[in-house]
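Protein chains in written order, with the numbering used here: chain A, 1 to 227; chain B, 1 to 150.
Calculated from the structure, these hints are not laboratory results. Treat the hints with care, as some may be off.
[Unchecked claim] Here are some chain A residues pointing at chain B (derived, C-beta under 7 angstroms):
{"no.": "1", "residue": "25"}
{"no.": "2", "residue": "183"}
{"no.": "3", "residue": "184"}
{"no.": "4", "residue": "190"}
{"no.": "5", "residue": "215"}
Think of the CB as a built atom: it goes at the ideal place given N, C-alpha and C, for glycine as much as any other residue.
Here are the chains, one letter per residue:
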Amino acid sequence: MTEPDFEPPYLFPDYRATQMRAPRRELVRLPDEWFHQRRGPAFGRIPVKPEDADLTRQHRGEPLGERIIVTGRVLDRDGRPVRHTLVEVWQANAAGRYVDPVDTHPAPLDPNFTGAGRCLTDDDGVYRFVTVKPGAYPWRNHPNAWRPAHVHFSLFGPQLASRLVTQMYFPGDPLMPLDPILNSIADARGRNLLVARFDPQTTEPEWALAYRWDIILRGRDATPSES
Amino acid sequence: MTIPTPSQTVGPFFGFAMPFEGDAHAVSSGSDEAVRIEGQVFDGAGEPVPDALLEISDDDQFARCSTDREGAFHFTVRKAPYFDVLVFARGLLRHLATRLYLPDADLDSDAVLQLVEPERRHTLIASESEGGLRFDIHLQGDQETVFIQL
């Protein structure tokens with residue numbers, strides 16, 4: 001490929017966990033039609049209910065924190081909407097604590113917040129979640145290391161090469177320049193693609209701030225094009 | 001130029017979100033041609049990776065499994081010559097892709113295997129084991145699995 005690569009490397013020593021987990025041997029390059037252009041996984045067994053898109057209504061009460069809308073479009077390399085593809089999200093609560101039992105950060109759990117959601121994109125490739133803004137939290141990568149607030153995203157898309165697991169960040173977060181996971185992407189243009197923008201038009205008065213984040217997946221929809 | 005959205009690690013805390021009921025079973029274990037594939041994920045020190053998420057697929061099957069404390073995973077799939085396998089984990093800034101061949105596939109004529117150094121081909125081939133097949137994944141080290149450039 002001749003295009004510049006904005007992906008993180010496998011080995012990025014500042015993110016310590018890469019040191020024993022990044023492959024060291026050369027990866028095998030296959031012709032695109034053998035792997036990359038194969039149809040994406042049939043994710044239809046993963047259950048998606050309409051209420052899965054509202055993370056603030058999965059319990060008896062409302063979660064604490066700043067209620068937000070996170071929305072955007074999922075597009076392919078040609079800028080065409082990726083329709084009816086699965087979007088999965090998960091995040092810490094407003095205090096920076098995950099429900100996950102692996103998380104031992106001494107911040108409070110919120111009995112009204114799990115922090116996991118799913119939805120399918122619509123005919124225009126649009127996804128939309130209602131949630132609360134996640135808090136920052138410490139991790140032990142280096143002394144006084146804190147992750148910037150982020151929402152984890154997982155997407156499928158039309159081809160095997162479209163599969164994407166990534167993280168969405170919030171604009172203006174002072175922790176971003178200090179975060180080795182985000183800064184594993186060498187080029188600022190790549191990093192900026194992971195930062196949502198505040199969207200006053202979509203913000204709902206007296207109810208919730210909105211953040212807009214579009215996602216470009218590798219690969220192309222199988223639908224034949226005019227050309 | 002459109003730049004694809006870059007990848008970031010799945011992190012350690014996906015276990016409450018990504019699993020779903022029956023996720024490791026692309027077909028029910030009692031069905032015709034069902035085969036159980038199990039294995040472990042290891043890091044470069046040979047330590048099990050307890051926080052990996054694996055996905056296995058072919059044209060019409062899909063299954064997902066999180067590794068346990070021993071780095072172990074299992075899938076139940078309908079037999080096929082090979083499967084595409086994706087590996088997500090804390091410490092993987094981008095997922096890894098590999099192929100899993102069944103031992104009775106036509107391995108000598110497979111075009112992908114021909115592109116792999118002969119001494120590393122075995123890392124892509126499941127082995128017969130009690131009750132099914134075994135397929136270990138070594139992220140790094142002497143036994144490093146052959147991974148496909150994304």
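Going through the hints against the structure:
1. 25: 5 angstroms, holds
2. 183: At 11 angstroms from the nearest chain B Cβ, residue 183 of chain A fails the 7 angstroms test, so the hint is violated.
3. 184: 5 angstroms, holds
4. 190: It holds, given that the least Cβ distance between residue 190 of chain A and chain B is near 5 angstroms, below 7 angstroms.
5. 215: Cβ of residue 215 of chain A sits 5 angstroms from chain B, so the hint holds.
In summary, the one numbered hint that this structure violates is 2.
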